[in-house]
Amino acid sequence: MNILIKLQQIDRRVIYALVVVVLAVPLIFHPAGHPTLVTPEVHRAFEVIDQIPKDKMVILSSAWGPSTESENGPQTAVLMRHMFMKGIRFGIVSWDQAGSQVTYKIGTSLEKELHKQYGVDWVHFGFKLLNEAALRGIGTDLPTTMKNDKLGKLVSRLPVMNGIKDFHNIGAVVEISASGTLEGTMIYTTQPNGLSLLYCPTAVMSVEAYKYLDSGQVKGMLNSAVGAAQYETLIGMSDVTTQASITTWALSTAHIFIIVLILLGNLGYIASKKAARRQGGEASND
Amino acid sequence: MGTTPYANPAVYIVEGLLVFFILYKIISARRGRELFIRRITGLSSLDEAVGRATEMGKPMLFVPGIGGLTVVGLQAMAILQHVVQRAAKFLTRVIVPNIDPIMFTISEEISKEAYNAEGVPEQFDPEDIRYLSSDQFALAAGVVGIMHREKTATVLYFGEFFAEALILAENGQMVGAIQIAGTPSITQVPFFLAACDYTIIGDEYYAASAYLSREPTLLGSLVGQDYGKLLMMGLIVIGAIAVTLVSVAPWLPGLGWLNANFLRYFLR
Amino acid sequence: MTTSTHHGLWSILWGAVVAERHGTVLALLIAGSLLVGAGILWMLMSVPTRYRKPVVMAVTFLGGLILALEFLAGSEKWHPLTDFLPTYGNVQMVIGSFALLLGIINLFMIHGQAVSKRTKGWANSLAFFVAFFAIMMAGFVKDYATAKAVSGSADSIFTVFFEGFLMPLSSTMFSMIAFYIASAAYRAFRIRSTESALMMITASILMLGLVPAGLYLTAWLPEPLSWLRLENLSAWLLVGPNMAVQRAMAFGIAVGALAVGLRIWLSLERGSFFDRQL
Chain A
72 MNILIKLQQI
82 DRRVIYALVV
92 VVLAVPLIFH
102 PAGHPTLVTP
112 EVHRAFEVID
122 QIPKDKMVIL
132 SSAWGPSTES
142 ENGPQTAVLM
152 RHMFMKGIRF
162 GIVSWDQAGS
172 QVTYKIGTSL
182 EKELHKQYGV
192 DWVHFGFKLL
202 NEAALRGIGT
212 DLPTTMKNDK
222 LGKLVSRLPV
232 MNGIKDFHNI
242 GAVVEISASG
252 TLEGTMIYTT
262 QPNGLSLLYC
272 PTAVMSVEAY
282 KYLDSGQVKG
292 MLNSAVGAAQ
302 YETLIGMSDV
312 TTQASITTWA
322 LSTAHIFIIV
332 LILLGNLGYI
342 ASKKAARRQG
352 GEASND
Chain H
6 MGTTPYANPA
16 VYIVEGLLVF
26 FILYKIISAR
36 RGRELFIRRI
46 TGLSSLDEAV
56 GRATEMGKPM
66 LFVPGIGGLT
76 VVGLQAMAIL
86 QHVVQRAAKF
96 LTRVIVPNID
106 PIMFTISEEI
116 SKEAYNAEGV
126 PEQFDPEDIR
136 YLSSDQFALA
146 AGVVGIMHRE
156 KTATVLYFGE
166 FFAEALILAE
176 NGQMVGAIQI
186 AGTPSITQVP
196 FFLAACDYTI
206 IGDEYYAASA
216 YLSREPTLLG
226 SLVGQDYGKL
236 LMMGLIVIGA
246 IAVTLVSVAP
256 WLPGLGWLNA
266 NFLRYFLR
Chain W
50 MTTSTHHGLW
60 SILWGAVVAE
70 RHGTVLALLI
80 AGSLLVGAGI
90 LWMLMSVPTR
100 YRKPVVMAVT
110 FLGGLILALE
120 FLAGSEKWHP
130 LTDFLPTYGN
140 VQMVIGSFAL
150 LLGIINLFMI
160 HGQAVSKRTK
170 GWANSLAFFV
180 AFFAIMMAGF
190 VKDYATAKAV
200 SGSADSIFTV
210 FFEGFLMPLS
220 STMFSMIAFY
230 IASAAYRAFR
240 IRSTESALMM
250 ITASILMLGL
260 VPAGLYLTAW
270 LPEPLSWLRL
280 ENLSAWLLVG
290 PNMAVQRAMA
300 FGIAVGALAV
310 GLRIWLSLER
320 GSFFDRQL
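Chains as they are written, first to last, in this note's numbering: chain A, 72 to 357; chain H, 6 to 273; chain W, 50 to 327.
Just so you know, these hints were derived from the structure itself, not from any lab.
Check each hint, because a few of them may be wrong.
What the hints assert, rightly or not - So, partial list: chain H residues that the calculated Cβ filter (under 8 angstroms) puts toward chain A:
hint : residue
1    : Pro-10
2    : Phe-167
3    : Ile-191
4    : Thr-192
5    : Trp-256
What the hints assert, rightly or not - Calculated lysine to aspartate or glutamate pairs in the EDC-like style (CA-CA distance at most 20 angstroms, straight line):
hint : chain 1 : residue 1 : chain 2 : residue 2
6    : W       : Lys-166   : H       : Asp-140
7    : W       : Lys-102   : H       : Glu-114
8    : A       : Lys-176   : W       : Glu-212
9    : W       : Lys-166   : H       : Glu-114
10   : A       : Lys-199   : H       : Asp-140
11   : W       : Lys-126   : A       : Asp-237
12   : W       : Lys-102   : W       : Asp-324
13   : W       : Lys-169   : H       : Asp-130
14   : A       : Lys-199   : W       : Asp-324
15   : A       : Lys-199   : W       : Glu-69
16   : W       : Lys-169   : H       : Glu-155
17   : A       : Lys-176   : W       : Asp-204
18   : A       : Lys-224   : W       : Asp-192
19   : A       : Lys-224   : W       : Glu-69
20   : A       : Lys-236   : W       : Glu-212
21   : A       : Lys-221   : W       : Asp-192
Backbone N, C-alpha and C fix where the C-beta goes; we use that ideal spot for every residue, glycine too.
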């Protein structure tokens, strides 16, 4: 019984050490297995991108930085990969300065792998200040709003922007975000122009999106790295080891560990309550 | 095509009614009408939190969130004013780290005014009101450092929070501080619930200034908000019934008009 | 769909105001704006005390009125204020930038005192100054040096600071949350009451329903009982009760924000900061 009671007082340093071990195992062994189950919101996101006509562009609105790279990075990578594979042009704008560097790196590494060309197949608009004017401008006059790309070139002169002017030429907007930027994009960019909006949040932010999924304001969602792993399954990467698959397995082990911790804590709590009641009974008998 | 980014008749009606309820209740409260407000445990325990810091002889920490100069931030400032005034009465320090330079200047003004109001202007230490950084995690690191160095007895979180919420709250737990949190950021509420002693959720946050000051204007506005919520509930019920009737019994008289004029604006 | 409504004289006037300018004209305009700003500030300070609050109330009301009218009075065919909003946003950003200077002055004062008085932990304050000036100089030299070798070296130094220090430090702080979640869940999730038991069970279902390991746990359930599979329970929880509660909270928060915003706009807000003598 003493051991059970002690279970509710495990030193937090022991817990932190165990978290390191639990997370390290999948990060070291790199499991390739992807989820076999794909949730409906990921399916819908896939269908939206898959059906974009070749004469339209997809805008990736990226509001994340290095701190959430483990969740938003795989989402960005898998969407870029799908669009490269389908030959769909896309432009990525970053509302976070550090995030601009990270998303550009993701794009250039995929560009090399899939033999695509910057300025022809994709463009990075660089870091821009997030405000209402910029969000509206994406739908009303994209080249003027973005002006220069990340490398300082005029976007209107890039081949990738041929025929791209306003919302008529945009197939979808994907909001990849670690903070509450969804409503802004919805109100100023997609809803006024009838554009499809996909949402790629971190796991914590995803619970807020279900009301928009239900109302149809958001067409599909990739829920953190798990959603990215499910999306990779849909584009035929279920046997490939990726950051998303590694992160998903790390999440699995961490979740099971936390549930075990909660069970141990409650066992200790129940045991201590029983012991307290027994002591109280013995004291009253005395 | 898409929805309009400008107001339509539904907005005029609903927003007009909401504004009317709020202003009407403010006016009637100012005319002396007594208004009831239920107990909000987290806000009632603010005095207990100040008392604990005073007994232990340790400072308090008030974190006004990372939202900047918005409605949420200004509400945090209203709560800060109440807390500092209480603390000033007992000569307890309140440290206020800020992420936004404008909020920093407002915090400084409020703290100075609060100490003046209690007749102890010399107790105000400008170094207790700090601008740490405009970066979210730099602020979190700075606040955690303050908690551990100053061994704060009480930590209050009021404002908009994101990922740094759990970092702050867990470190507050580590130093053994009593913690009270209030935020309209729904996604951070579970973390505050797990780590804080009291948590104020959702629109209770907007009731805080009225609850603490019992000022008639603020109380009236709070009651007006409740009427507004009743209006929302009524619209939801009417809308649910109307949409159901339109699909199961479209032959009912008047449904055509209802569909054309009511549903069209509310369901766009 | 929105379209610009610039017409005739309004278009010419507005175009003259917001047109881009460079060189001497820009410098003159900046100097002129500073003088006008100083003049307005002097005029405000000269206003008798009893009229200061009404002036603040009027400016607050007019400032909010522009945004309210833009939304309430505009339509897809007629929205003259919409084109004014980008300039309005830029004005707000410029005012915010001045406040940044105040924050930096505060940091300098606090850390400067710590270094000069050699208080406990003064080395950290010194590190602040070193880091501040190092990255500032690297940034300025990188962008403004004319010699390519110099700007190239500064670019490398800036990259070391930004990508080598700032980005990994941000990631490190965020990753600490993983540890804190474990200790917070272990400490807080106790079955003390029916509500806490319900919360614990719901959290467990959601945690397991999201990850592959959880799916394997209930994959064996036959088709008639498939609704009990963790992924289906998890999906129902998210789409059912969670969504309903999120909507309810969103309505309440929106009404609350409207009330507070209305009070501030109409200067009805109360409290020592809002009631003080100006």
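Here is how each hint holds up against the structure:
1. Pro-10: OK, holds: Pro-10/H within 8 angstroms of chain A, min 4 angstroms.
2. Phe-167: holds (6 angstroms)
3. Ile-191: holds (7 angstroms)
4. Thr-192: At 5 angstroms from the nearest chain A Cβ, Thr-192/H passes the 8 angstroms test, so the hint holds.
5. Trp-256: violated (27 angstroms)
6. Lys-166/W x Asp-140/H: violated (28 angstroms)
7. Lys-102/W x Glu-114/H: holds (17 angstroms)
8. Lys-176/A x Glu-212/W: holds (12 angstroms)
9. Lys-166/W x Glu-114/H: violated (27 angstroms)
10. Lys-199/A x Asp-140/H: Satisfied, since the Cα-Cα distance of roughly 17 angstroms is no more than 20 angstroms.
11. Lys-126/W x Asp-237/A: holds (18 angstroms)
12. Lys-102/W x Asp-324/W: OK: Lys-102/W and Asp-324/W at ~9 angstroms, within 20 angstroms.
13. Lys-169/W x Asp-130/H: holds (18 angstroms)
14. Lys-199/A x Asp-324/W: Cα-Cα ~39 angstroms, so violated.
15. Lys-199/A x Glu-69/W: holds (18 angstroms)
16. Lys-169/W x Glu-155/H: holds (12 angstroms)
17. Lys-176/A x Asp-204/W: Since the Cα atoms of Lys-176/A and Asp-204/W sit roughly 17 angstroms apart, the hinted pair holds (cutoff 20 angstroms).
18. Lys-224/A x Asp-192/W: With Cα atoms ~16 angstroms apart, Lys-224/A and Asp-192/W stay inside 20 angstroms; holds.
19. Lys-224/A x Glu-69/W: Distance of about 19 angstroms is within 20 angstroms: holds.
20. Lys-236/A x Glu-212/W: violated (34 angstroms)
21. Lys-221/A x Asp-192/W: Roughly 15 angstroms between the alpha carbons, so the hint for Lys-221/A and Asp-192/W holds.
This entry does not satisfy hints 5, 6, 9, 14, 20, going by the numbered hints stated previously.
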